[in-house]
Amino acid sequence: MNDGGSRTAGLTLANRPEEVGRAVAAVRDFALAAGLTPEAANALALAVDEAVSNIICHAGLAGGEDAIHIEAMADEAGVAIAVADRGAAFNPLEQAVAAPRGGPEERTVGGLGIHLMRNLVDRLDYRREGEWNRLILRQDRRKAACGAPGGP
Amino acid sequence: MAPAPGAEGMEQQSFADVMVLRPTGRIDLDTTPPLQARLLPLAEQPGCKVVVDFAGVSYISSSGLRALMLGAKAAKGTSGKLLVCNLNPTVAEIFRISRFNLVVGVMPDLPAALAALSPAAAAAYPGG
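In order, the protein sequence lines correspond to chains A and B.
For the first sequence, the numbering used here assigns the number 152 to the last residue and increments by one with no breaks.
For the second sequence, the numbering used here assigns the number 128 to the last residue and increments by one with no breaks.
In case anyone wonders, no lab produced these hints; they're calculated from the structure.
Careful: at least some of the hints might be erroneous.
The calculated label-pair distances, taken between Cβ atoms and stated as ranges, are [unchecked claim]:
hint, chain 1, residue 1, chain 2, residue 2, range
1, A, Arg16, B, Leu40, 19 to 25 angstroms
2, A, Trp132, B, Ala123, 39 to 45 angstroms
3, B, Asp17, A, Arg127, 26 to 32 angstroms
4, B, Gln45, A, Gly130, 50 to 56 angstroms
5, A, Ala33, B, Thr78, 46 to 52 angstroms
All residues carry an ideal CB built from backbone N, CA and C; glycine is no exception.
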């Protein structure tokens, strides 16, 4: 991710599954450089994985090298990652997703990605801006390594 | 027994009647299909005993969890068993959030997984 020495950076992804790993690595590196703990950076990167994967799988985007835009921003409060695409309007925050429970016979295929996203970061925001979906994932700074987000 | 390379370079090794899969790196949208392609045929065998060893896995996303879930469903349907082992802290956290310990048995390491499935497999493990 090109950050030009400032606390912002950007990345464009093609609408292909193999691009997910590139996004995850870039977000993790940015978050670590911005001072998040490894646990918080990992969780944020994983949440971005889920967001990008959801777009690739369900947004109905045409193939293209700039199908998904990622913007990273860091300040005193933490790190925010905006994931934008021009697919069908979709707000993951409005999806009714049941908390996972039960054994394999009780589980369904859908909804797990959104559940993970919601539990890996401190805040999620969504906006529809013209023809763009814009999902913002925020991870707060932690004073010390204290395990996964939400943990002790 | 020397490990046989699986699809996409994934190791697959047997210890007596237990089959061990060893994916590496990320298990995400892109890399889940090869794992699923190896896992499901094994899990669909009647009475299967399968371990997915996560020692070489850095993280798993919901795509990978779905493959494990499908494997667990298949194994349950054929009276087989599927376990995972050697989860790193990141993967363990994903399992915790997803309550995936209710979907597949989680063991600390491969010897423990083999011992849970088959005395013969435990004996076949080097040093076991």
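Hint by hint, here is what the structure shows:
no.: 1; hint: A:Arg16 - B:Leu40: 19 to 25 angstroms; verdict: 24 angstroms, holds
no.: 2; hint: A:Trp132 - B:Ala123: 39 to 45 angstroms; verdict: 59 angstroms, violated
no.: 3; hint: B:Asp17 - A:Arg127: 26 to 32 angstroms; verdict: 55 angstroms, violated
no.: 4; hint: B:Gln45 - A:Gly130: 50 to 56 angstroms; verdict: 52 angstroms, holds
no.: 5; hint: A:Ala33 - B:Thr78: 46 to 52 angstroms; verdict: 48 angstroms, holds
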